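Make one complex out of these two single chains by using the hints.
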Amino acid sequence: MKIETNNAEQKIAFFDDPKNVMWILRIFYAICILLVVADFIVHRHIYVSFEEIPAFYALYGFVACVVLVVIAKAMRKLVMRDEDYYDKRDDEVEQDVPRVAVEHSAEDNSQSHESELADKESHK
Amino acid sequence: MSYAIPAFLPFFLAALFAAVAPVKLRYLLVLVPLVNGILIYLNADQLTPISVQLHTFTLQIMDVGAQVSEQDAKLSLLFAYLFHLACFICLIYALHVKDRVQIVAGLLYAGSAVGAVFAGDFITLFIFWELLAVTSAFLVFARRTQAAKLAGIRYLIIQVLSGVLLLIGAISYFQQTGSTDIGYIGLGSMASWLFLIAFGIKAAFPFMHSWLTDAYPEATPAGAVFLSAFTTKVAIYMLARTFPGEDLLVYIGAAMTCFPIFYAVIENDLRKVLAYSLINQLGFMVCGIGIGTALALNGTVAHAFNDVIFKGLLFMTMGAVLHRVGHVNGSNLGGLYKTMPKTTIFCIVGAASISAFPLFSGFVSKSMVMAAMIEAGHEYLWLMLLFASAGVFHHAGIKIPFFAFFAHDSGLRPKEAPTNMLIAMGIASFICILVGTYPEFLYQMLPWDMEKAYVPYDLTHTLTQLQLLFFSALAFVWLNKKGLYPPELKSVNLDFEWLYRRVLPSAGRGLALFAKNVKASVVEISVSAMNALPVMKRGNDANAATLTLRMALGFVVLAVLAFVTQFI
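First to last, the protein sequences are chains Y and C. Everything in the first sequence is counted per my numbering, starting at 1 for the first residue and increasing by one. Everything in the second sequence is counted per my numbering, starting at 1 for the first residue and increasing by one.
It should be emphasised that the hints constitute simulated quantities derived from the structure, not laboratory data. Small disclaimer: the values here were computed from a predicted structure and weren't measured. Heads up, the beta-carbon is just placed ideally off N, CA and C, and yes, glycines get one too. Don't take every hint at face value.
Claimed, not checked - Now the stretches of chain C that chain Y is said to cover, found in silico as 3 or more residues with beta-carbon under 8 angstroms:
hint: 1; region: 23-37
hint: 2; region: 141-151
hint: 3; region: 313-326
hint: 4; region: 372-383
hint: 5; region: 404-413
hint: 6; region: 459-465
hint: 7; region: 494-504
What the hints assert, rightly or not - A partial selection of chain Y residues facing chain C, derived with a Cβ cut-off under 10 angstroms:
hint: 8; residue: 22
hint: 9; residue: 51
hint: 10; residue: 92
hint: 11; residue: 95
hint: 12; residue: 101
In isolation and in its complexed conformation, chain C is listed as follows (with noise of 0.2 angstroms):
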């Protein structure tokens, strides 16, 4: 047995499905990931590459087979695997939703990272990473308020940017090297560098990553589940793919990792807590690929694998909450856990994940790119992923569950989430818990062959791990005790999206309004010189005087002329 169709093509069909078919059926859907997950999973070895031909030239859509190099094969099997993964829990999570905008336009999103990772070609690449911005952007559209819909433009216009610029490169490239294959690129050419532009949008470089922010605090519960997943996990692979070893990354990683925790501790909004600490996550990622020794690639594909079922699992806490409460303001929320146990239990696992606690999933693919920051000698880099690692732990593993679930009591009884909720939730949880006991389950499939295995539970690392996480969180015990503790207020903080949100637009209205008040004043001026020349009406025109001043007037045009000819 082979599997040979586009391995995107059951996405479509399902979604197709979905928007025809009687939503009581929509139960059937989640069998889609799943089956076609454990097909390609059993199929491994026997996938069939596809191309189709357009004119000249040639779509590899299924980029398979034995001419792809193995690094590459795994690599894109393991993110199709994830991705699978991730559709069938968000499929779970959202089974509730009648909604068929959602189910369809989630389905498609996941099609489209599918088809992304087996992509052969550039110009294939470009087709679903444009699909990847539409398609996703209806999951902001979906939840119908003037915000979301105003966050939702601004989203699709940032990201159809980045496939537009993916599309120039891949042209410049073509032109010179006469090829679109997806390999190694490097950074150099004029094409390399829209590359990195275009696949730094939707890795949320920083400068590029306000779109992250501004948009997934803004979609439905479900949506903003399925948003965490695939966009930025597509953009790590493809920079996994093409810039691996490039040392700029490091330093954009690192930064990546430091400038959101700030935000985050600040932030009230915890949906968009979670989406500036999936910031941070992506920073260690892009770290990794930075380094680009087989420890540190190893790290950034185990730490994307982990990060989209952790961080989908956070959103789909805080989904919940704004499911039962309607909103997910700090502020406005505590107490939380007495009737929805259940809930505050799975986030917490997912805090202590993302937090890199012994026994979950952070902690064993997180640990593989710092013990390779440090391996490549990056000292100071180190010490800020590590500054990034205890606020991680402060904003992502505290404050989320602390402020939702305990701090103060807000009042709200709302009720424990539906079931299949709750069910999505526990097979987060499983997978979390699983990886970090096990992590042999997710280190087989890892792509770069390593000199020597990667060992996470050794003594130094588990104690000196717990050490920082336990005194960080002493931390917060002592500035909360302390009254330092910066309280959750009910605000908006300025990022850089303000540049385009307040400074282009005001901007844009106080140059309308200047060139108004000049078109208002030159008219003027005419009116009033057009009323200065004397006229001429019937009944007077006869007055001397006036045709005196009209020979004038016009001997002196003429002469003006005779003089301006002169000179032409």
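Next comes chain Y alone, as it looks inside the complex (with noise of 0.2 angstroms):
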């Protein structure tokens, strides 16, 4: 992963460094790691009786928006359409915004700038 800026931003803007990223990345995981551990410290209160899971928040959460996701994604098959389905849109101007040329690297079409220096940082 890398982009390059052709202008006159001369340093790297903060999450654009592979590193910065990565480290963002690893406190977050050691957080989730922490989060779980508390829950075998800490007493909770039970009010339901799914409660009793262990870390049942952390895995319902993992879970619901893994579920959430897929089964979007499987909407989009039934209810995507054009963009220009209901309406032309060729009346809305654009603002002229200044603009950078960005290469991305070759796979970057739709991948989250963040999931590839995940993958990166994995294949180390």
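Pasting the structure below:
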């Protein structure tokens, strides 16, 4: 993953530096682990029977989001249509925004920045 | 000193002022909601009831004072403060707007919302209800694109329909009870169902929601901020007054929390994502109203308060992007944090608030509804709400800031948002954090008396909420890593509106075509039948054969007629 800007930007922006993103992700993973560990140390109040499962909220949050995304992705097959399906939108004007040319690495059409950095990290 | 004018009046006068005064004086308008709000706050105990005699009917346009129960008074006041605050922030946000239409419509719209929460009877409510519809439509029209024009018309039709249902409901309610005073109704009679549907349309119940996701993303940048604050919250206010504890609402609310998040995940237009997430937040409120305990109702009201601020904040940040870039399509954005750092920070505050992160406002109000859900024994519905909470974080908490400001660099380098927008976003962010860190600020205004005070910051709640959020985020990171996360694509997703934007029109066109064909073939057959009749032209009418044929035909006709008359 490399983003090369060929304009006057001298320094690389904070989140463009893979090292910074790597550190952020590491801290993030560490917090995740700590939260699960805390679940076994701290005595939670139990109101609902489901909550007796260890780290219930962590599991549920993770599974819920994966299920959400998988279903939503499948829904696209059914509901997704072309952008002009209802209306022609040629009368909407884009502002004249300053742009810089950004070269993305080969497979960077839709993947997020962060994910690629994460990928790189995992390959190390 | 007492406050003895209708609370909406200053807004309407300000709108008049905005319509005629020079544009450069518009910053004075910001004072209107501020001063009016402070005056109402200071005179909260001495508000004077005002009613207007209209022929034999009395319109209670300021239903305040001693005859109103303490709860209702507090409820009206809290929503009134909220609407003043929202209007104040919106006006600051819109200070750079030179378009009179937006300012005038915005002020009238806010005034109508204030009028609606002080209305004492359903007829007065109906007037403000329709004013809300008509004035807000101009915030959509003011975008001045073809898509906005059409969306505005659809929006207006549905909103006015809601008003008409409300009026029919009010009339039949009057026939049954002899009164049009606003109070607890409860489901049962025909009138109550009409009320529920009328309120339900404005509260974006499932299958009645598509006006929201259709019109809000088409509004102007400032218009969407106005829109997100008032219409739906007036509906929530009315539901809380008329249908508290109605079991059906718990199920409707739970459905509202869940279905929009699927759409939000795959939607490309980031303001449409926010519109879906608005329905999701309304779901929590509707659930709270359905449960109907003091904790649930207080939670609903508190969440409505917070939602206006943080959803407004998110709409403001996306409005700033729209203002600077000209679109808010996730597929073409990214990397904007480099040139819009302040907007980015405000967006993250809004995202943290809507996701109910500890120390941000959503945390102290959403959990009240969740706790009430457990107390009421709806364990599986509680799981649905928990699913929705994780989903909110996923689509509004991460997706909005990530795809707009981070993600892959789009190369766009827009300027930072105008100063007035930044100030408005700053105020909203401040309130989000204030309510999150010092919930008493909000709790003391809540209308219903609770047996024991609700404590949001206990160890269990904080820990479990953090687990839920961090692991939702982990799911996002993991899905991205695996390449499973659905990319932002330029697209339109079919929702319920498909029925009236595609199926009905094409069915109508099909029917028209069919009728046209039928007409054509009938005409064709008649013409050929006419032609088949032997014609009599001068010159050949003496033809014996023609005469005979005509006689024969005449005879047949007479015979048939004679036969027919036998049966009549």
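Checklist line | chain C contact restraint for residue 95 of chain Y - C-beta distance below 10 angstroms | finding: 4 angstroms, holds
Margin query: Quick check on residue 51 of chain Y please, does its C-beta sit within 10 angstroms of some C-beta on chain C?
Written below: 8 angstroms, holds
Item checked: 8 angstroms C-beta criterion, at least three residues: is the region 404-413 of chain C covered by chain Y -> holds (count 8)
Item checked: Given hint residue 101 of chain Y near chain C, where the shortest CB pair must fall under 10 angstroms -> 6 angstroms, holds
Margin query: How does the region 372-383 of chain C fare against chain Y when you require at least three residues with a CB closer than 8 angstroms, holds or violated?
Written below: holds (count 4)
Margin query: Would the hint on residue 22 of chain Y be counted as holding, given a Cβ-Cβ threshold of 10 angstroms to chain C?
Written below: 12 angstroms, violated
Next item on the list: With a C-beta cutoff of 8 angstroms, work out whether three or more residues of the region 313-326 of chain C approach chain Y closely enough for the coverage to hold.
Entry: With 4 residues in contact (Cβ-Cβ under 8 angstroms with chain Y), the coverage given for the region 313-326 of chain C holds.
Checklist line | Interface hint compliance - residue 92 of chain Y to chain C, C-beta minimum distance less than 10 angstroms | finding: 5 angstroms, holds
Check: For the region 494-504 of chain C, do at least 3 residues have a Cβ located nearer than 8 angstroms to some Cβ of chain Y?
Finding: Coverage by chain Y holds here, the residue count being 4 at a Cβ distance below 8 angstroms.
Next item on the list: Tell me if chain Y covers the region 141-151 of chain C under the three-residue, 8 angstroms CB rule, please?
Entry: holds (count 4)
Next item on the list: Closer than 8 angstroms, Cβ to Cβ, for at least three residues: run that test on the region 459-465 of chain C against chain Y and report holds or violated.
Entry: holds (count 5)
Check: For the region 23-37 of chain C, do three or more residues have a beta carbon lying closer than 8 angstroms to a beta carbon of chain Y?
Finding: violated (count 0)
Checked against the numbered hints above, the structure breaks hints 1 and 8 and satisfies the rest.
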